[in-house]
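2 protein chains.
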Amino acid sequence: MSQEKLLPLRHKIDDIDAQILVLLNQRAQVAQEVGHVKAETNAPVFRPEREAQVLRSVADRNPGPLQSVDVQTIFREIMSACRALEKRVTVAYLGPAGTFSEHAVYQQFGHAVEGLPCASIDEVFRAAEAGTADFGVVPIENSSEGVINRTLDLLLQTTLRISGEVAIPVHHSLMTKDGTTDRVTRICAHSQALAQCSAWLNQHYPNIERQAVASNAEAARMAGEDPTVASIAGEQAAQTYGLQIVSAHIQDDPHNRTRFAVVGRLQTTPSGKDQTSLVLSVPNKAGAVYSLLSPLASHGVSMSRFESRPARMGAWEYYFYVDVEGHEMDEKVARALEELKQNAAFFKLLGSYPLSL
Amino acid sequence: MSQEKLLPLRHKIDDIDAQILVLLNQRAQVAQEVGHVKAETNAPVFRPEREAQVLRSVADRNPGPLQSVDVQTIFREIMSACRALEKRVTVAYLGPAGTFSEHAVYQQFGHAVEGLPCASIDEVFRAAEAGTADFGVVPIENSSEGVINRTLDLLLQTTLRISGEVAIPVHHSLMTKDGTTDRVTRICAHSQALAQCSAWLNQHYPNIERQAVASNAEAARMAGEDPTVASIAGEQAAQTYGLQIVSAHIQDDPHNRTRFAVVGRLQTTPSGKDQTSLVLSVPNKAGAVYSLLSPLASHGVSMSRFESRPARMGAWEYYFYVDVEGHEMDEKVARALEELKQNAAFFKLLGSYPLSL
Numbered sequence: 001m002s003q004e005k006l007l008p009l010r011h012k013i014d015d016i017d018a019q020i021l022v023l024l025n026q027r028a029q030v031a032q033e034v035g036h037v038k039a040e041t042n043a044p045v046f047r048p049e050r051e052a053q054v055l056r057s058v059a060d061r062n063p064g065p066l067q068s069v070d071v072q073t074i075f076r077e078i079m080s081a082c083r084a085l086e087k088r089v090t091v092a093y094l095g096p097a098g099t100f101s102e103h104a105v106y107q108q109f110g111h112a113v114e115g116l117p118c119a120s121i122d123e124v125f126r127a128a129e130a131g132t133a134d135f136g137v138v139p140i141e142n143s144s145e146g147v148i149n150r151t152l153d154l155l156l157q158t159t160l161r162i163s164g165e166v167a168i169p170v171h172h173s174l175m176t177k178d179g180t181t182d183r184v185t186r187i188c189a190h191s192q193a194l195a196q197c198s199a200w201l202n203q204h205y206p207n208i209e210r211q212a213v214a215s216n217a218e219a220a221r222m223a224g225e226d227p228t229v230a231s232i233a234g235e236q237a238a239q240t241y242g243l244q245i246v247s248a249h250i251q252d253d254p255h256n257r258t259r260f261a262v263v264g265r266l267q268t269t270p271s272g273k274d275q276t277s278l279v280l281s282v283p284n285k286a287g288a289v290y291s292l293l294s295p296l297a298s299h300g301v302s303m304s305r306f307e308s309r310p311a312r313m314g315a316w317e318y319y320f321y322v323d324v325e326g327h328e329m330d331e332k333v334a335r336a337l338e339e340l341k342q343n344a345a346f347f348k349l350l351g352s353y354p355l356s357l
Numbered sequence: 001m002s003q004e005k006l007l008p009l010r011h012k013i014d015d016i017d018a019q020i021l022v023l024l025n026q027r028a029q030v031a032q033e034v035g036h037v038k039a040e041t042n043a044p045v046f047r048p049e050r051e052a053q054v055l056r057s058v059a060d061r062n063p064g065p066l067q068s069v070d071v072q073t074i075f076r077e078i079m080s081a082c083r084a085l086e087k088r089v090t091v092a093y094l095g096p097a098g099t100f101s102e103h104a105v106y107q108q109f110g111h112a113v114e115g116l117p118c119a120s121i122d123e124v125f126r127a128a129e130a131g132t133a134d135f136g137v138v139p140i141e142n143s144s145e146g147v148i149n150r151t152l153d154l155l156l157q158t159t160l161r162i163s164g165e166v167a168i169p170v171h172h173s174l175m176t177k178d179g180t181t182d183r184v185t186r187i188c189a190h191s192q193a194l195a196q197c198s199a200w201l202n203q204h205y206p207n208i209e210r211q212a213v214a215s216n217a218e219a220a221r222m223a224g225e226d227p228t229v230a231s232i233a234g235e236q237a238a239q240t241y242g243l244q245i246v247s248a249h250i251q252d253d254p255h256n257r258t259r260f261a262v263v264g265r266l267q268t269t270p271s272g273k274d275q276t277s278l279v280l281s282v283p284n285k286a287g288a289v290y291s292l293l294s295p296l297a298s299h300g301v302s303m304s305r306f307e308s309r310p311a312r313m314g315a316w317e318y319y320f321y322v323d324v325e326g327h328e329m330d331e332k333v334a335r336a337l338e339e340l341k342q343n344a345a346f347f348k349l350l351g352s353y354p355l356s357l
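From first to last, the protein sequence lines stand for chains A and B.
For the first sequence, the residue numbers in full-length UniProt numbering are 1 to 357.
For the second sequence, the residue numbers in full-length UniProt numbering are 1 to 357.
Treat the hints as calculated values from the structure; they're not laboratory data.
These figures come from a predicted structure and were not determined experimentally.
Heads up, some of the hints might be wrong.
No distinction is drawn between identical chains; accordingly, a pair holds when it is met within one copy or between any pair of copies.
[Unchecked claim] Taking lysine to aspartate or glutamate and the DMTMM-like style, the derived pairs with C-alpha atoms no more than 25 Å apart in a straight line are:
(1) Lys12 <-> Glu141
(2) Lys38 <-> Glu49
(3) Lys177 <-> Glu114
(4) Lys273 <-> Glu141
(5) Lys177 <-> Glu218
(6) Lys341 <-> Glu225
(7) Lys87 <-> Glu338
(8) Lys273 <-> Asp323
(9) Lys177 <-> Asp122
(10) Lys273 <-> Glu123
(11) Lys12 <-> Glu40
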């Protein structure tokens, strides 16, 4: 009878759980002392760089058999619970509750937080600026619509800083009105989504025309009205536009992600693996962009993202959103930024923050 | 300088974290031994009753300062991570990803699971019945539309059993087209939502007529077309129907919840605090329901829910969905069920499972 073998093992687990429970509360007591010290100097409760270090450290030292990613999930909740004893951090996000944005909140802060769903990205910024929320979480780029323009606009104006980045996996599906591709003559989606599924499309539907449209939602709407159209979109769209999924998870990269920025009034210190986001502009003349960016190369700072977008108003025709590796307090980054600032017609540092896990 | 005071405290925390990390992996090793024993007898990896006991036990023994609910969140993830070493449980749910249903999956199983989003409740059942998924998570009742008829229908037919229940908090908001109530002459919502907000409505809008409509979504649609209508609905509706939120979180009970059932091929054993769900029918004659239920009273079994719904077909005019306290293996419950079965024209045991936390 297996029960006889199971019982002593379960007692062992109960013993270990009791020890973990004691240690968790010891940790919480020390965290409370940290809180008292911080209160004396008005230091912030949430330090993303410190939490990132703890999460990296437990993954590095994890002897197994537990998977490091699972250990990090556990420790994220441990830190969240300890932090909540000092203060339950309030985080504004693009509502409603039960969306990817809320997931992103938990992925950054753990579950022991107060979520504040907002009706718009503007409201998220306002809540964090006004102090109604300690932080805001806003989508910055997704794989079906590209960058979120409103977020980029608001980052340009806000007094808030980016203090973290969260990435959530995203899946594309092929869908049609009747769940088959028998009558389909073209496959529609946002160009980015078409690109992300191209290997799969080449393999399965090499002879069907592909058409880039304004957004995946638009493609899904078209497919809902026209049985000769197949659309690529997130599963949500199937429900919204009355479509049937033909094939799920067709994107070539299974790690396709939506990125969120965590914004707040906090200035982080280096965590050891950081990223810095900034916005620049130059007068529109040939070679200007190249020479603008030369300080990065000359100081050995790697650029991890570069995004240009037309300015809606003002004297510069383009804004450049740039992510570089390292923290603004790292010596070589600081020097490169200083030079960039001198050369740029417009320069705004959006923030330095730990690289997402 | 506070850094001098903080550093030794942080070292203390790092020490404690190192000990926790060792214990977590010791626990995982014992859990692997449990897995080997279970494999010999083909016993299931996920035992909801055992996990419920562990979560109750850590809450009972929690010395503080950590809050028990936060300790439970941590241990849920610990068990999830350990379980994943035996097998990453696959859980089908009503998609798309990023919805309350997915939240419910994590709340029951922790994050170390494989989620399988399905396009319909039917598909969730099929996936769990066919073994594509180990479990399914389906909405059973929500506070804006009442019971989910499709789930109840499928529970009637399925070979699966309910092995758990998850409750997710739900909030109602008052919303109109322009975000004010200046022109509003009536407030519309599902009757259940109107009832759940009645104290708040009495206080804030005692003189505006209330009108029950088919669903909160219908009310929101009406409000989107008619500026004299205010609707009560979840925040999601504001986005869908282009409404502005006038007041958020207006339900009288802040613990308003949506319930989900976890269905699977598993038969649970008693956890100490359980609930049993069943469906009954009687020939439609006066007093039949009363006498049908008398075995519960005579054996001292409390009924926690009673829901009647018209049968779509078949010889019985009503099905009664009944939840009782206790496990089908508890002696008095077993006796009461035996008698119920003898008296009922139709009897189906849906399952016994741990009461949700």
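Going down the list of hints, with the structure as the test:
no., hint, verdict
1, Lys12 <-> Glu141, "neither (47 Å within a copy, 39 Å between copies)"
2, Lys38 <-> Glu49, "within (16 Å within a copy, 42 Å between copies)"
3, Lys177 <-> Glu114, "neither (40 Å within a copy, 28 Å between copies)"
4, Lys273 <-> Glu141, "within (21 Å within a copy, 46 Å between copies)"
5, Lys177 <-> Glu218, "both (14 Å within a copy, 24 Å between copies)"
6, Lys341 <-> Glu225, "neither (51 Å within a copy, 51 Å between copies)"
7, Lys87 <-> Glu338, "neither (36 Å within a copy, 52 Å between copies)"
8, Lys273 <-> Asp323, "within (13 Å within a copy, 53 Å between copies)"
9, Lys177 <-> Asp122, "between (35 Å within a copy, 18 Å between copies)"
10, Lys273 <-> Glu123, "neither (31 Å within a copy, 43 Å between copies)"
11, Lys12 <-> Glu40, "between (43 Å within a copy, 20 Å between copies)"
In summary, the structure is inconsistent with hints 1, 3, 6, 7, 10 from the numbered list given earlier, while agreeing with the others.
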